[in-house]
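S.K.: Sequence:
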Amino acid sequence: MTVAQVAKYLQISEMSTYKLVQEGRIPAFKIGRHWRVKKSDLADLIEKLKNGERI
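For reference, each letter of the sequence shown is one residue, going 0 to 54 in numbering that gives the first Met the number 0.
Take these hints with a grain of salt, some might be off.
Said to hold, decoys possible - In the DSS-like style, the derived pairs of lysine-lysine whose C-alpha atoms are separated by at most 30 angstroms in a straight line are: (1) Lys18 to Lys37; (2) Lys49 to Lys37; (3) Lys18 to Lys29; (4) Lys49 to Lys38.
As the list claims (entries may be wrong) - If you anchor each label on the Cβ, the simulated ranges turn out as follows: (5) Arg53 to Gln10: 13 to 23 angstroms; (6) Gly51 to Gly31: 19 to 29 angstroms; (7) His33 to Gln10: 16 to 26 angstroms; (8) Gly31 to Lys7: 13 to 23 angstroms; (9) Gly51 to Ile30: 25 to 35 angstroms; (10) Gly51 to Pro26: 16 to 26 angstroms; (11) Leu48 to Gln4: 16 to 26 angstroms; (12) His33 to Ile11: 10 to 20 angstroms; (13) Arg32 to Tyr8: 30 to 40 angstroms; (14) Ser39 to Ile11: 33 to 43 angstroms.
Just so you know, these hints were derived from the structure itself, not from any lab. All figures in this text were calculated on a predicted structure; none of them were measured in a lab. Here a beta-carbon is modelled for each residue, glycine too, at the ideal position from N, C-alpha and C.
Could you build all of it, start to finish, from the sequences and the hints given here?
M.R.: What follows is the structure, encoded as structure tokens:
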């Protein structure tokens with residue numbers, strides 16, 4: 000997923016999403032100059048948040 004897709008899915012701004020990705024709080028990887036997030040990693044993150052863990 001692109002950063003824009005993640006931002007829309009989480010209903011947060013793209014800038015906030017970029018910040019979380021660059022800080023490593025959302026697991027992501029770069030392809031060229033573009034960040035990508037695996038859906039499974041995002042699902043794991045959401046489960047952690049649901050269990051009360053902080054990112």
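S.K.: All the hints need checking, so say for each whether the structure fits it.
M.R.: Against the structure, the hints:
1. Between Lys18 and Lys37 the alpha-carbon distance is near 17 angstroms, which keeps this suggested pair within the 30 angstroms criterion.
2. For the proposed pair Lys49 and Lys37, the alpha carbon gap of about 19 angstroms is at most 30 angstroms, so the pair holds.
3. A hinted pair counts as satisfied when its Cα atoms are at most 30 angstroms apart, and Lys18 with Lys29 qualifies at roughly 14 angstroms.
4. Pair hint Lys49 plus Lys38 holds up; C-alpha atoms about 16 angstroms apart against a cutoff of 30 angstroms.
5. The supplied range of 13 to 23 angstroms is met by Arg53 and Gln10, whose beta-carbon atoms lie about 18 angstroms from each other.
6. Evaluation of the 19 to 29 angstroms hint for Gly51 and Gly31 yields a failure: the beta carbon distance comes to about 36 angstroms.
7. Hint check: His33 to Gln10, Cβ distance near 22 angstroms, so the stated range 16 to 26 angstroms holds.
8. Under the hint 13 to 23 angstroms, the C-beta atoms of Gly31 and Lys7, about 22 angstroms apart, fit the expected range.
9. Separation of Gly51 from Ile30 is about 33 angstroms and conforms to the stated range, judged on CB atoms against 25 to 35 angstroms.
10. As the Cβ distance of Gly51 to Pro26 is approximately 19 angstroms, the hint placing it in 16 to 26 angstroms holds.
11. A beta carbon spacing of about 18 angstroms between Leu48 and Gln4 agrees with the range 16 to 26 angstroms that was offered as a hint.
12. Taken as a hint, the range 10 to 20 angstroms holds for the pair His33 and Ile11, whose Cβ atoms sit roughly 19 angstroms apart.
13. For the pair Arg32 and Tyr8, the beta carbons lie near 22 angstroms from each other, so the given range of 30 to 40 angstroms is not met.
14. Between Ser39 and Ile11 the CB atoms are about 20 angstroms apart, so this pair departs from the stated range of 33 to 43 angstroms.
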